[in-house]
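Engineer: Work the whole structure out from these sequences, hints included.
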Amino acid sequence: GIFKDKSKYQTLTRMSYCQCRLKLVFSSIFKQFGWKHVGLLLDRSDLFSLTVGKNLEYGLKEEDVLTFMRELDGNDEEDLDNYLQDASMYARVIILSVRGSLVRKFMLSAHRLGMTRGEFTFLDVEIFQSSYWGDHYWELGDED
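Just so you know, we're using full-length UniProt numbering here: the sequence shown kicks off at 1 and counts up by one.
The hints are simulated quantities; they were obtained by calculation from the structure and are not laboratory data. For each residue, glycine too, the CB sits at the ideal point set by N, CA and C. Do not take every clue at face value.
With a Cα cut of at most 25 Å, we get these calculated BS3-like pairs of lysine-lysine [said to hold, decoys possible]:
1) LYS6 x LYS54
2) LYS54 x LYS8
3) LYS61 x LYS23
4) LYS23 x LYS6
5) LYS36 x LYS54
6) LYS61 x LYS6
7) LYS61 x LYS4
8) LYS6 x LYS36
9) LYS61 x LYS36
10) LYS6 x LYS31
11) LYS23 x LYS54
12) LYS61 x LYS8
13) LYS36 x LYS23
14) LYS4 x LYS54
15) LYS105 x LYS54
16) LYS8 x LYS31
17) LYS8 x LYS23
Label pairs and their computed distance ranges (CB to CB) [said to hold, decoys possible]:
18) SER7 x PHE33: 34 to 40 Å
19) ARG70 x ARG112: 26 to 32 Å
20) HIS111 x GLU62: 18 to 24 Å
21) TYR9 x GLY118: 20 to 26 Å
22) ASP73 x LEU108: 17 to 23 Å
23) ARG70 x ILE29: 19 to 25 Å
24) THR116 x SER28: 20 to 26 Å
Structural biologist: The structure is reproduced here in structure tokens:
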């Protein structure tokens with residue numbers, strides 16, 4: 001991972017999991033299913049999503065499977081359709097490194113675009129179940 005460089009991060013001490021292992025988890029899934037065209041969408045306005053996303057970007061480039069990467073500002077009311085349409089030109093597997101509320105919005109957008117019929121696979125990074133990280137629940141009791 002990007003934090004292994006002790007000349008750059010001399011004072012960094014880890015007290016829990018290592019995000020560098022995420023690359024191994026995703027890589028093993030990709031190998032199992034033969035997936036080679038992977039896209040990554042990451043929210044630069046959320047520190048956790050940005051850190052996880054940058055680690056995945058670094059690791060998946062090493063594995064030579066990352067074919068698309070785009071950063072977004074999750075605080076903006078941007079049209080998520082554009083991000084998904086751009087990703088769909090380069091990738092069939094899309095990793096969402098975004099806060100929980102955005103995962104739901106992306107998936108609703110993907111459904112509207114016809115991307116939930118099996119041609120695309122969406123993966124979300126939820127390391128800990130906690131409202132602190134954002135709820136990653138699909139059903140919110142609304143019409144969507």
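Engineer: Now, for every hint given, state plainly whether the structure supports it.
Structural biologist: Hint-by-hint comparison with the structure:
1. Between LYS6 and LYS54 the alpha-carbon distance is near 17 Å, which keeps this suggested pair within the 25 Å criterion.
2. Among the hinted pairs, LYS54 with LYS8 is consistent with the structure: their alpha-carbon atoms are about 16 Å apart, no more than 25 Å.
3. The hinted pair formed by LYS61 and LYS23 meets the criterion: a straight-line CA distance of about 10 Å does not exceed 25 Å.
4. Distance check on the hinted pair: LYS23 and LYS6 sit about 20 Å apart at the alpha-carbon level, within 25 Å; holds.
5. Under the criterion of a C-alpha separation no larger than 25 Å, the hint pairing LYS36 with LYS54 is consistent with the structure, at around 19 Å.
6. Distance hint between LYS61 and LYS6 is fulfilled; the C-alpha atoms sit about 21 Å from each other, no more than 25 Å.
7. Between LYS61 and LYS4 the alpha-carbon distance is near 16 Å, which keeps this suggested pair within the 25 Å criterion.
8. About 31 Å separates the Cα atoms of LYS6 and LYS36, which puts this hinted pair outside 25 Å; it is violated.
9. As the CA atoms of LYS61 and LYS36 are separated by approximately 11 Å, the hinted pair is consistent with the 25 Å bound.
10. Between LYS6 and LYS31, the direct Cα distance comes to roughly 30 Å. Violation of the 25 Å bound is thereby established for this hinted pair.
11. About 11 Å separates the Cα atoms of LYS23 and LYS54, which keeps this hinted pair within 25 Å; it holds.
12. A hinted pair counts as satisfied when its Cα atoms are at most 25 Å apart, and LYS61 with LYS8 qualifies at roughly 20 Å.
13. At roughly 14 Å between alpha-carbon atoms, LYS36 and LYS23 fall within 25 Å of each other, so this suggested pair holds.
14. For a cut-off of 25 Å, the pair hint linking LYS4 to LYS54 stands: about 13 Å separates their Cα positions.
15. Restraint check for LYS105 and LYS54: satisfied, since their Cα atoms lie roughly 21 Å apart, inside the 25 Å limit.
16. With a C-alpha separation of about 32 Å, the suggested pairing of LYS8 with LYS31 is violated against the 25 Å cut-off.
17. With a C-alpha separation of about 21 Å, the suggested pair LYS8 and LYS23 falls inside the 25 Å cut-off, and the hint holds.
18. As the Cβ distance of SER7 to PHE33 is approximately 37 Å, the hint placing it in 34 to 40 Å holds.
19. For ARG70 and ARG112, the Cβ-Cβ distance of about 19 Å falls outside the hinted range of 26 to 32 Å, so the restraint is violated.
20. For HIS111 and GLU62, the hinted distance range of 18 to 24 Å is not satisfied, since their beta carbons lie about 32 Å from each other.
21. Look at TYR9 against GLY118: about 41 Å separates their beta carbons, and that is not inside 20 to 26 Å.
22. About 19 Å separates the C-beta atoms of ASP73 and LEU108, a value consistent with the hinted range of 17 to 23 Å.
23. Taking the beta carbon of each, ARG70 and ILE29 are about 21 Å apart, inside 19 to 25 Å as hinted.
24. Our hint of 20 to 26 Å for THR116 and SER28 holds, since their Cβ atoms are close to 24 Å apart.
Of the numbered hints given earlier, the model fails hints 8, 10, 16, 19, 20, 21; all others are met.
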